[in-house]
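So the protein sequences, as listed, match chains B and Z.
For the first sequence, counting from 1, position 261 maps to 261 in the numbering used here; every step adds exactly one.
For the second sequence, counting from 1, position 388 maps to 388 in the numbering used here; every step adds exactly one.
There could be a bad hint or two in this list.
Which chain Z residues face chain B? A few, computed with CB under 10 Å, are given here [unchecked claim]: (1) A228; (2) R239; (3) G322; (4) E335; (5) A361; (6) G421; (7) V433.
Simulated from the structure, these hints should not be mistaken for lab results.
None of the values given here were measured: they were computed from a predicted structure.
Glycine residues also receive a C-beta, built at the ideal position from the N, C-alpha and C atoms.
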Amino acid sequence: MKADRSSVAQQASAPLEVVSLVSLGQHPVSGRLRRAEQDARALELCLALERQSAPGAVSLSAWHASGSEIALGSEQDQALRGYLGMGLESLTLVTPNAPGAAPLKAVDQPVVDVWPLLVTRLKQAAPQLVVCGGQGETGEGSGLLPHLLAESLGWPLVEGIVAIESCDGAHLTALQALPRGQRRRLRVKLPALVSVDSAAPAARQSAFAQARRGELSTLASGELVHDAQAETFGVAPARKRPKRLKRIKATSARDRFKAAAAKAEGGGGKRLEGVSAEEGAAEILKLLREEGVLR
Amino acid sequence: MTIPVDPQATERESLPRRDPRLEQQARNRLHPQHLIALQALGRGAAAPQERWMGPKGVTRRDPHVGHFIAANGRKRIDRSGRSGPAAAGAGQPAVVAKARVLPLVEIASPAFLIAVVPDMTGGRLSSHDRDVLGLARQIADADPAHQGAVLAITFGTLREDGDAADSVGLGAAGADRWLHFADTLHDGYAPLAQLAELEAIDGKLAPRLWLLPESRTGGGERGRRLGARLLCRGDALARPSGNAYQLDGELAAIGRGELVEVSVTGRSGNGQQDLTRPLTRIVLCEAECAEPVEDVRHAALPLEWEAASTARAVPDVIEDLGPVAVDPSAIALGEAEFILSAGNGIRDWDGFHRAASLLGATEGASRVAVDDGFMPRARQVGATGTWVTARVYVAVGISGAIQHLQGIQRCDKVVAINTDGGCDMVKRADLSVIGDAGAILASLCQQLEAERSAVSDASAAGQAPAAPSTSSSASSATLAADAA
Chain B
1 MKADRSSVAQ
11 QASAPLEVVS
21 LVSLGQHPVS
31 GRLRRAEQDA
41 RALELCLALE
51 RQSAPGAVSL
61 SAWHASGSEI
71 ALGSEQDQAL
81 RGYLGMGLES
91 LTLVTPNAPG
101 AAPLKAVDQP
111 VVDVWPLLVT
121 RLKQAAPQLV
131 VCGGQGETGE
141 GSGLLPHLLA
151 ESLGWPLVEG
161 IVAIESCDGA
171 HLTALQALPR
181 GQRRRLRVKL
191 PALVSVDSAA
201 PAARQSAFAQ
211 ARRGELSTLA
221 SGELVHDAQA
231 ETFGVAPARK
241 RPKRLKRIKA
251 TSARDRFKAA
261 AAKAEGGGGK
271 RLEGVSAEEG
281 AAEILKLLRE
291 EGVLR
Chain Z
1 MTIPVDPQAT
11 ERESLPRRDP
21 RLEQQARNRL
31 HPQHLIALQA
41 LGRGAAAPQE
51 RWMGPKGVTR
61 RDPHVGHFIA
71 ANGRKRIDRS
81 GRSGPAAAGA
91 GQPAVVAKAR
101 VLPLVEIASP
111 AFLIAVVPDM
121 TGGRLSSHDR
131 DVLGLARQIA
141 DADPAHQGAV
151 LAITFGTLRE
161 DGDAADSVGL
171 GAAGADRWLH
181 FADTLHDGYA
191 PLAQLAELEA
201 IDGKLAPRLW
211 LLPESRTGGG
221 ERGRRLGARL
231 LCRGDALARP
241 SGNAYQLDGE
251 LAAIGRGELV
261 EVSVTGRSGN
271 GQQDLTRPLT
281 RIVLCEAECA
291 EPVEDVRHAA
301 LPLEWEAAST
311 ARAVPDVIED
321 LGPVAVDPSA
331 IALGEAEFIL
341 SAGNGIRDWD
351 GFHRAASLLG
361 ATEGASRVAV
371 DDGFMPRARQ
381 VGATGTWVTA
391 RVYVAVGISG
401 AIQHLQGIQR
411 CDKVVAINTD
421 GGCDMVKRAD
431 LSVIGDAGAI
441 LASLCQQLEA
451 ERSAVSDASA
461 AGQAPAAPST
471 SSSASSATLA
481 ADAA
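Chain B on its own, in the form it takes in the complex (with noise of 0.2 Å):
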């Protein structure tokens, strides 16, 4: 973290600009608004880049876009003041332009499509680095909101990121999550997207106490989109899925009555006895070998 000090540490006079973007979570088994995990690992790995950089080198700001006002004390309200309480001072409330009326009241509101706001917000912010969790908790949860913007902007996408290494101004170094453990180092141009998934470190804990100091402003900018499609989507409680049976295509009866009874399986293995500690150790070499495990 020292040496990278160094590299983030770029000209003071223009910090990087980096945005959070963050939405309403759901928990999963109660249901309740929360702040959502992984736009919350996304804040965190915000939060980690500013604590690992030169002080003011780096001006981190977090964005919730929203079609309708949020009132102070709502379960939104609440929900969203959970981001606050992770360190920061404000949460920018990104709210449509509406010509000469309040935004839309909650409860009549049709379905609408926020990132054409985040598009035109972006366009005038324009920030080095926007980081934000891969799917959303509440709504259609697509994961679709990186993309749209990361294509109407132009600018790389990247998914999976567990750890800034280094950010200078035009360049960003990041490690990436795939599958089985594994890490993969990128080097990305910005100005970026960086999407997060659960790979990521876990957020810190909320503070309450800042939750509650914190302000939420609201910035009206850009246009919202109906989203006729979404209004024909049917939405129901999910349905436990059915686990796949065993499918037995026997076509003997001698078959049908092994698999019903069949135990365990057992003895289809090589087994070495009797044999030197260095022959069995070489045994095991070659059978890691041809399994592709030892690097």
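Given chain B, work out where chain Z should sit, using these hints.
Coordinates of chain Z only, in the frame set by chain B:
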């Protein structure tokens, strides 16, 4: 005095005479005179006779002799008469073990195409890929009068371990056409180049539907990138249906291009809700969305294709700097690929830890080893610990309690090192070495170190082999898709 010669006596002598007592002794295997009787009847050392004439002139047959072992493993008597008593190998069970050749399905001129981009993790088809190909197959075969074809698109280096005609098993999984981009660029992270190729395919071949596995290993990302690209080009039908697990409605309508007739259901809202929507052109399918293809194989004809020029022109905004060495002990036990696990049979714990670090394996332990305080609780494998998914699991000194065996159910290869050859772990293992665990681990370390020092000497001498570079290749076949 002359003995009156019966004129018919000689004739009577030449008649075959049977000795019923001898025959009875020959039939009775428990009779003390059995072998002598067999000798006397002339079938002593020879194979037992399969059929003979019974005392009442009826052909008798020994069911223990004239059988063969059928393909299902059961004893069968051939009554067709093709193998008489003189047939070669009669009496010896001939085990018929012939690989079943699946019937080949060829679709010459498909009415439409269903495109599938399998993940090919590690160059092989995963079970998730097979499920998605199975779903594509169902859609393509929904209307026999309007037969569609499944196009599989693969990237990067593939493992070839099938037969020559179907080297990666795509045909057996249900693909009729195959487009492969073999550029080594795709072995790393090249999402933009792949997106350019997929977009070009969408433009030229116009598949009715794109099916991708909803996975973290590439499928979900590819589908969303393609969806966002096509959406921004103004194709509202390209909005991906994520986490899809069920298609309802008449599947034949997809072939006719009436996607609205079919609805797709998928999870949303943090897995708490089911979202049902009209089918869109890109579907990201969950695992077990359909049954994989069985009993037939398809042709998987390689398509002739020129790599999109746009793919070459993709600016290198995302640069892959290669994999990073990861500390194996930092990998979560549940997703580790290679686990060295210790049990009650370990005496030399330092040797065990040294072996794990040399092999680059994640450490695991049985409950006993954890209870005795040799390993932390987080390293416990089994029903009460972690259910592991390792590809290779080496159990050292673990006898294999049922709870432990449950925990390693999903492991591919299990190696057991144990002093007790009769324990359950040895029965489960693919390779078991019966012997002292400490000595075997020490020998393992010694052999590895010797090898590595030899390799480092060789590389110091500058004999590092250069990696051959492969380029994009596509062999010839014609696509006769007259899709609208």
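For each hint, the structure was consulted:
Here the hint on A228/Z is kept, as its CB sits about 4 Å from the closest CB of chain B, short of 10 Å. About 7 Å separates the beta-carbon of R239/Z from the nearest beta-carbon of chain B, less than 10 Å, and the hint is met. Taking 10 Å as the C-beta cut-off, the interface hint given for G322/Z holds, the closest approach to chain B being about 6 Å. With a cut of 10 Å, the hint placing E335/Z at the interface with chain B holds, because the nearest CB-to-CB distance is about 5 Å.
With a cut of 10 Å, the hint placing A361/Z at the interface with chain B holds, because the nearest CB-to-CB distance is about 8 Å. Interface restraint check for G421/Z: the shortest CB-CB distance to chain B comes to about 6 Å, inside 10 Å, so the restraint holds. Because the beta carbon of V433/Z sits about 4 Å from the nearest beta carbon in chain B, less than 10 Å, this interface hint is met.
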